[in-house]
Amino acid sequence: MHSFTYRINSLATFSLTILSVVCMMVSFTDVFNSSPPLLSVKLANVERFQQLRTGNEEAYLAFQIDADLEPAFNWNTKQVFLSIAAEYPSKKNALNQVSLWDRIIQHLDEKHIKLPYVRNKYKLQDQGSHLKNKELNLTMYYHIMPFVGRMRSGSVTFPIKMPSEYISSNPLPSWKAMNPSDFKDAQRKK
Amino acid sequence: MAPHVISETLHSLRTMKKREYIESGISLGMIVSSALIIWKVLMLLTGSESPVVVVLSGSMEPAFYRGDILFLHLGTAPVRVGEVVVFNVDGRDIPIVHRVVKVHERPNLDIEILTKGDNNYGDDTVLYAEGQNWLTKKNIMGRAVGFLPYVGMVTIMMNDYPYVKFLLIGILGLLVITSKE
Chain A
1 MHSFTYRINS
11 LATFSLTILS
21 VVCMMVSFTD
31 VFNSSPPLLS
41 VKLANVERFQ
51 QLRTGNEEAY
61 LAFQIDADLE
71 PAFNWNTKQV
81 FLSIAAEYPS
91 KKNALNQVSL
101 WDRIIQHLDE
111 KHIKLPYVRN
121 KYKLQDQGSH
131 LKNKELNLTM
141 YYHIMPFVGR
151 MRSGSVTFPI
161 KMPSEYISSN
171 PLPSWKAMNP
181 SDFKDAQRKK
Chain B
191 MAPHVISETL
201 HSLRTMKKRE
211 YIESGISLGM
221 IVSSALIIWK
231 VLMLLTGSES
241 PVVVVLSGSM
251 EPAFYRGDIL
261 FLHLGTAPVR
271 VGEVVVFNVD
281 GRDIPIVHRV
291 VKVHERPNLD
301 IEILTKGDNN
311 YGDDTVLYAE
321 GQNWLTKKNI
331 MGRAVGFLPY
341 VGMVTIMMND
351 YPYVKFLLIG
361 ILGLLVITSK
371 E
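Chains as they are written, first to last, in my numbering: chain A, 1 to 190; chain B, 191 to 371.
None of these hints come from the bench; they were simulated from the model. A virtual CB, placed ideally from N, CA and C, is assigned to each residue, including glycine. Please note: incorrect hints may appear among the correct ones.
Stated by the list, open to error - From the structure, some residues in chain B lie toward chain A, with a derived Cβ separation under 10 angstroms:
(1) V244
(2) V290
(3) P297
(4) L317
(5) E320
(6) G321
(7) G363
Unchecked claim - From the derived model, a few chain B residues whose C-beta atoms are all more than 10 angstroms from chain A:
(8) H194
(9) I221
(10) V222
(11) V293
(12) H294
(13) Q322
(14) K328
(15) F337
(16) T345
(17) L358
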């Protein structure tokens, strides 16, 4: 009962068992310990809206984002993945979901994100030309990734309407003009 | 201490009778088959061909690092944007874990999916097969629903250094055969 192998064996089994129990308990605390974040997305500008030679339409949008992720973070939260997707039905497809912007907020980062004007990371490209005057939903998704355990997610929807005419280049609206350091800050963590 | 363990093991091996050899062979077989049974039951429960995967690349950092383990679940709900999915490219066997960034679903529920790793600059079109611009439902093996860090490092080591695999199996087999429990 005192040989090397027995000792190593029981030590390893014991520590593995304790480790898995602790992991399960930690992941269980998520149930009591987090509430949905407070999110708000507005369409700040449609910078470009055109039809390509392929027949597909594309649009470059800019958003005003206010996301308070503090309620979603607890000690078991490693990061929150925030993304904005445009969702709409069209004549060709029953459902289109196109991701336009995303950001990773880690547990040591600033958790209340206020971006007065941020350009989309990925353009809105349709399969076809169904976007003129389209009422679509800007849905902001949050995906909570824990240190251990179950991943959770949720979303909040904000309806918007696309312009009725193509726009070749819409400059930054002057009443929304920011000083350069704010703009750089807004664009910094893409 | 190590030479003592080895001589102990060799001694047990030499003094075993034929009947004990057969019994330990059977117990080894039982262990292997129960592991297989657990794996297959997990496959049934999660509906996925591969209920547990190891993250092989750093394309989803800082969410998942190389060596993390993901628990998958397929289910019947349609794939939606933002979900972390594991997929196989046509013709390749390596599972890739990335996030869905585009979904185009036809009225007949045929679906076209585009994925992208969080840590990658561009989307996954370069990873798909020749001429394939979208993933379809049959490429998707499951959605990631749970996560354990670091545990998969063993699998990665065994992939990178195959002799570790044989060494590990050899040692485990030896331990099972020589333990008299």
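Verification of the supplied hints:
no. : hint : verdict
1   : V244 : 16 angstroms, violated
2   : V290 : 8 angstroms, holds
3   : P297 : 4 angstroms, holds
4   : L317 : 17 angstroms, violated
5   : E320 : 20 angstroms, violated
6   : G321 : 16 angstroms, violated
7   : G363 : 14 angstroms, violated
8   : H194 : 7 angstroms, violated
9   : I221 : 14 angstroms, holds
10  : V222 : 19 angstroms, holds
11  : V293 : 4 angstroms, violated
12  : H294 : 5 angstroms, violated
13  : Q322 : 16 angstroms, holds
14  : K328 : 19 angstroms, holds
15  : F337 : 6 angstroms, violated
16  : T345 : 16 angstroms, holds
17  : L358 : 14 angstroms, holds
Taken one by one, the earlier hints fail for this structure at numbers 1, 4, 5, 6, 7, 8, 11, 12 and 15, listed in ascending order.
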